[in-house]
Amino acid sequence: MKSVNVNQSRALFRGAFILMLAALVTKILSAFYRIPFQNIVGDIGFYIYQQVYPFYGMAIVLSTTGFPVVISKLYAEQKLKGDDIKSRLLLFFSFIYLQLFGFLCFLILYFGAGSIAVWMNDPHLAILLRVVSIVFLMFPLISILRGYYQGSGNMVPTALSQVGEQSTRVVTILFLAYLFMEKGYSQYLVGGGAMFGSITGSMVSGIILFMFLWIRKEWKVIAPSPGMFQNYTGEAKKILKALIFQGLTICISGMLMIFIQLGDSLSLFSLLVSSGVEKDMAKGLKGIFDRGQPLIQLGTIAATSMSLTLVPLITRERLSAKPEFLQHKIQVALKVSVIIGVGASAGLWAIIEPTNTMLFENNAGSEVIGVLGFMILFTSITSTIIAIMQGLGVMLFPAIAAALAFPVKYILNGVFVPLYGTMGAAISSLLSLFLVTVLLFVQFKKITRISLFSLRFSWTVVMATATMVVFLKVYLYLWGTDDVGRIESVFQSLSSALLGGFLFLLVMIRGRVFLEEELSLFPFGSKLIKLMARKDRNRW
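Start counting the sequence shown at 18; every next residue gets the next number (my numbering).
Think of the hints as simulated: they come from the structure by calculation, not from any bench.
Don't be surprised by glycine CBs; every beta carbon is placed ideally from N, CA and C.
Treat the hints with care, as some may be off.
[Claimed, not checked] Listed next, the in silico BS3-like pairs over lysine-lysine satisfying Cα-Cα at most 27 Å (straight line):
hint	residue 1	residue 2
1	K258	K90
2	K258	K98
3	K258	K103
[Stated by the list, open to error] Just the calculated beta-carbon pair ranges, DEER-fashion:
hint	residue 1	residue 2	range
4	G528	A420	15 to 21 Å
5	F488	G129	50 to 56 Å
6	T484	G99	58 to 64 Å
7	Q116	K462	37 to 43 Å
8	S512	P53	19 to 25 Å
9	P435	S203	26 to 32 Å
10	P435	I125	26 to 32 Å
Turn these sequences into a full structure, and let the hints guide you.
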């Protein structure tokens, strides 16, 4: 019996690792493609794409995060009980409910595209919104199939569908953007072509999942069977409740950054124009402002990829009723999110000019993008806290906190953008995320009742950050950043990132904020341990 439990545990964590790896690959692809895309279409073309992107981002979260997770959990429970009828009912009613929800989203976005575009003060965006609306018709089936395979313990179809979807989308976006620009089409048509990538990506994802169904002859599991609908009312209500109170709350929690971007899409350009900025210039300024998004995304990936590896361990300790180990894992996960979040934010701010030139051909908007970079700190902390709270079974509060980000961001834009332009939008983003972080942190402390950060930890973080920033500023000053070309900026940025990152990490580890056993939990842990002073190894 013990060996069976061990094997099940290994299978669980193997599956979690596969999904985590697929999510990491798709996030990296999602961040990186924006850089060549901006280089192809320019700042105004980038503005057009980013104005509509939040709506596509919502569809991706719906089909990747919340609903597949809940469906997989419920399906696994029914299969464990050996109840084949209820497991089929689950898939059938989940599909019906999600298809109705997806169809409603499609109708709202397709027929409301004109009104939303007018709200954005750019009616030409309506066609792009209508293209994106089609994705909402496709996400329900993808969610069901991913949930089915995850609930069956087979994570490979989900992982392949995610990577296939993102890869196809990126190839479509870059190919059509290059082709349409070469042919001299309008930038709105180029943006529409880029948004078409969302449809091709979803189609490939569905095809991959269907291939697994067909090859393994499993398509019957989602088809109705005789007698399935006898006394089904109670089960249908239970499924609907789970999708709303678990699936939807997880989805909303995963949309935090999308809500921030949506606030900018709906208000920033309009506010710039109403403040007296000429329309084309305002589009360019918004496009330059949006350069910060891939940098924030890459920084957040770096900050959370290590801290979130501990979440399955936290869930396991909760289930095994070991509070002392649970508290320890939570502390380590949060420490990692803060350390890498601070390091990435401050480091990006210090080297933003050569980095901006390296990625986007010039250093326009560097000051604003540097301030935006501090969003990495808040997103890394909030992402980790939300993941831990969900691992502890707390779903509703993170969703409420994340949803508050949109109205707060929208209102603060109205206050700061007329005064400070795009810098005002950057400030409002930081304030919005700061509020969400505080709300989550306070609630998190109430739930866990553990001491999170010691004075020594805080002091070491400050010292490591100050040391890194001073070093990087002196390093770039000695190199010289005036009139630096793109090739030279590549060497400046990469060497600065490597040297600054190593120095920051060295000061943190030598500051004894991690035990040797804690460092061993992370990728390349054995290499990190070697950075510790010899007297501190095996000290505890």
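Hint-by-hint comparison with the structure:
In summary, the hint linking K258 to K90 is supported, as the alpha carbons are separated by about 14 Å, within the 27 Å threshold. The straight-line distance between the Cα atoms of K258 and K98 is roughly 20 Å, inside the 27 Å bound, and the hint therefore holds. Restraint check for K258 and K103: the C-alpha separation of about 15 Å stays at or below 27 Å, so the hint holds. Range check, G528 to A420: about 37 Å between beta-carbon atoms, so the 15 to 21 Å window is missed.
F488 and G129 have their C-beta atoms about 51 Å apart, which keeps the hinted 50 to 56 Å range intact. In this structure the hint that T484 and G99 lie 58 to 64 Å apart at CB holds, the actual value being about 60 Å. Distance hint for Q116 and K462: a CB-CB separation of about 41 Å, consistent with the stated range 37 to 43 Å. Taking 19 to 25 Å as the suggested C-beta distance range, the pair S512 and P53 conforms, at roughly 22 Å.
For the pair P435 and S203, the beta carbons lie near 30 Å from each other, so the given range of 26 to 32 Å is met. Checking the proposed 26 to 32 Å range against P435 and I125 shows it holds: the Cβ atoms sit about 30 Å from each other.
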